[in-house]
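Engineer: One-letter residues, chain by chain:
Number of protein chains: 2
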Amino acid sequence: MTDAIPNPVLVHVTRGGAVESSHRGAGVVVDPAGRVVATWGDVERPVYPRSAIKPVQALPLIESGAAERFSVGDAEIALATASHSGAPEHVALVAAWLERMGLGACDLECGSHPPPDENAAADLDRAGVPPSALHNTCSGKHAGFLATALHLGEETAGYVKPGHPAQMRMAEVLGEMGGADLEGAPVGTDGCGIPVIAMPLRAMALGMARLANPDGLSPDRAAACRRVYGAMAAHGRLVAGRGRFDTRAIEAGSGAFVVKTGAEGVYVAAMEGLGVALKIDDGAKRASETAMAAILSHLGVLDGIGVLDPYLDGVVLSRPGDRVGAVRPAPGWPG
Amino acid sequence: MTDAIPNPVLVHVTRGGAVESSHRGAGVVVDPAGRVVATWGDVERPVYPRSAIKPVQALPLIESGAAERFSVGDAEIALATASHSGAPEHVALVAAWLERMGLGACDLECGSHPPPDENAAADLDRAGVPPSALHNTCSGKHAGFLATALHLGEETAGYVKPGHPAQMRMAEVLGEMGGADLEGAPVGTDGCGIPVIAMPLRAMALGMARLANPDGLSPDRAAACRRVYGAMAAHGRLVAGRGRFDTRAIEAGSGAFVVKTGAEGVYVAAMEGLGVALKIDDGAKRASETAMAAILSHLGVLDGIGVLDPYLDGVVLSRPGDRVGAVRPAPGWPG
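These protein sequences, in sequence, are chains A and B.
Heads up: the first sequence begins at 3 in the numbering used here, then just goes up one per residue.
Heads up: the second sequence begins at 3 in the numbering used here, then just goes up one per residue.
Bear in mind the hints are in silico, worked out from the structure with no lab data behind them.
The structure presented is a predicted model; accordingly, all values stated were derived computationally and were not measured.
Don't take each hint at face value.
[What the hints assert, rightly or not] Cut-off 25 angstroms, straight-line C-alpha distance, at most; resulting in silico cross-link-like pairs (SDA-like, lysine to any residue): (1) A:LYS287 x B:ASP305; (2) B:LYS287 x A:GLY275; (3) B:LYS287 x B:ASP305.
[Said to hold, decoys possible] Derived CB-CB ranges, DEER-like: (4) B:ARG102 x A:ASP324: 26 to 36 angstroms; (5) A:GLY323 x B:ALA40: 34 to 44 angstroms; (6) B:ARG128 x A:VAL309: 34 to 44 angstroms; (7) B:PRO333 x A:GLY75: 45 to 55 angstroms; (8) A:ALA159 x B:ASP127: 38 to 48 angstroms.
Every residue gets a Cβ at the ideal spot worked out from N, C-alpha and C, and that includes glycine.
Whole structure, please, built from the sequences with the hints as guidance.
Structural biologist: What follows is the structure, encoded as structure tokens:
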């Protein structure tokens with residue numbers, strides 16, 4: 003994962019007309035057959051997909067029959083793909099889902115953190131209540147792991163561990179959807195405690211292209227892909243939360259595309275005929291959001307959609323409130 | 003400020019043994035005669051020094067006679083060099099200083115923001131009181147501008163504007179201390195509303211080398227440098243705040259060196275015989291802190307000082323609380 007040839011600069015942060023900081027990265031657009039439509043930088047080097055790959059990780063929840071067994075609707079499937087904000091709507095849905103399975107917050111092994119939703123965090127603070135694992139931005143994905151394990155008669159405790167069948171299913175579906183041999187790939191531990199397997203951006207993009215265009219896949223896999231894509235497209239608010247890039251983009255796209263963010267500067271998108279994946283080398287969110295908006299714009303799917311304009315010309319303000327700089331795609335990029 | 007030849011990778015963020023993200027940058031160590039002792043990356047390209055250059059910006063406060071006139075002690079001088087945390091100790095000292103000059107928070111033109119000190123922010127929040135300009139991390143520097151303008155009989159209103167004598171003095175002292183011709187250099191607006199002039203890292207490092215080793219300068223300039231260095235060394239708590247890198251480093255160094263952070267990944271240090279300046283290309287603080295700790299360690303000034311060890315081997319935790327990665331100097335760097 004070291005870089006011999008530096009990736010190109012994708013995003014500039016300017017101040018007073020000069021470039022103050024810059025963000026390098028790589029990105030790729032592929033079609034469902036794996037043909038590269040556009041590429042920038044090294045897209046073969048393995049990178050940790052982090053939460054960006056949750057849409058693919060949600061497939062076994064449906065394919066196993068667990069979703070049907072536990073009355074998992076599109077809202078819960080959207081939450082299984084989500085890095086949600088821990089707002090009451092997210093927390094209540096995950097809590098009810100766990101309850102239907104005879105489980106609770108204590109069965110989640112993702113740890114806890116203050117919810118990204120500022121109102122929710124302030125409410126907890128005022129009430130003197132610590133955040134629970136339900137507020138963890140990954141609690142929907144973890145509820146999905148629990149559902150699948152429970153349905154298949156597996157031990158639920160320890161479902162985050164590398165040897166647990168739930169995680170072996172993850173490795174399998176990631177490799178299949180990405181068309182990648184992940185044997186021997188670098189493995190780490192994700193923020194929520196599960197194994198994270200490094201894979202090339204090209205493979206991540208292919209997984210997303212197939213998710214949105216599953217015609218060539220097996221009928222069960224294709225049906226699961228359609229369900230996940232549809233759930234994300236219909237419930238943009240549950241995939242992230244109020245005011246966030248993914249929610250704004252998905253809602254504005256009205257089903258034309260879905261996007262998903264991951265920690266350390268990863269982003270993916272899926273749409274008719276295409277999948278997209280990018281990673282900012284330094285992990286900066288301001289850059290990954292700008293880069294994803296730039297690629298979506300480049301692909302023409304933002305035509306008539308203004309909601310992502312703030313990410314194409316981000317405002318840097320001084321404390322007195324003047325506009326003193328911008329966060330923008332590097333000149334000439336993505337083309 | 004664009005980069006033809008990419009700067010080297012200075013800092014790695016690892017996960018599970020693989021590099022997940024990396025940070026490029028440039029850095030330089032010079033002696034007081036301007037001779038380069040060590041250099042990494044492009045140190046001639048102009049970069050905005052941001053708050054890292056405050057120690058040099060504090061010189062006119064002393065040289066003008068304003069410090070003597072308004073009973074400005076070492077604590078206030080340390081605050082003039084500070085990006086302080088807005089804790090009660092910082093706020094009270096700046097407020098009292100302004101009062102001695104017949105001025106108040108309303109004369110500060112730096113804008114306001116919630117104080118970085120979490121306790122102070124929570125106290126304001128609980129009391130329902132919005133932060134004032136006194137809480138601005140730059141309020142000490144701005145009090146210094148006001149003191150100098152008032153002492154020299156200049157209009158205090160508008161002291162942040164590019165044409166105001168206070169800002170022209172800034173440009174002059176930066177050029178003199180850095181041995182750089184700043185005519186025609188890129189100029190932007192800093193976060194606190196004053197002009198920020200881009201200068202090469204080599205010039206920033208020279209300014210810091212001279213600050214700590216002013217023997218070759220004019221007697222007045224040398225005396226002012228000694229006073230600023232001494233004030234920072236004696237009041238590390240006022241230069242930043244509880245728990246922060248600069249405060250921990252300066253206090254642990256017991257006068258052997260001073261350091262100063264700036265926004266967007268800038269850092270400088272000054273010590274006997276040397277000045278240091280670095281900038282992380284992407285502006286990340288996690289990387290600039292690690293890089294500064296690495297250079298200080300490389301120079302041998304951390305021998306027997308363990309307080310910066312956490313910056314040389316930074317812990318990446320999962321939400322469940324396991325150590326899953328590290329933030330470290332890139333292997334083999336700085337040498």
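Engineer: Against which earlier hints does the structure fall short, listed by number upward?
Structural biologist: Hints 1, 2 not satisfied by this model.
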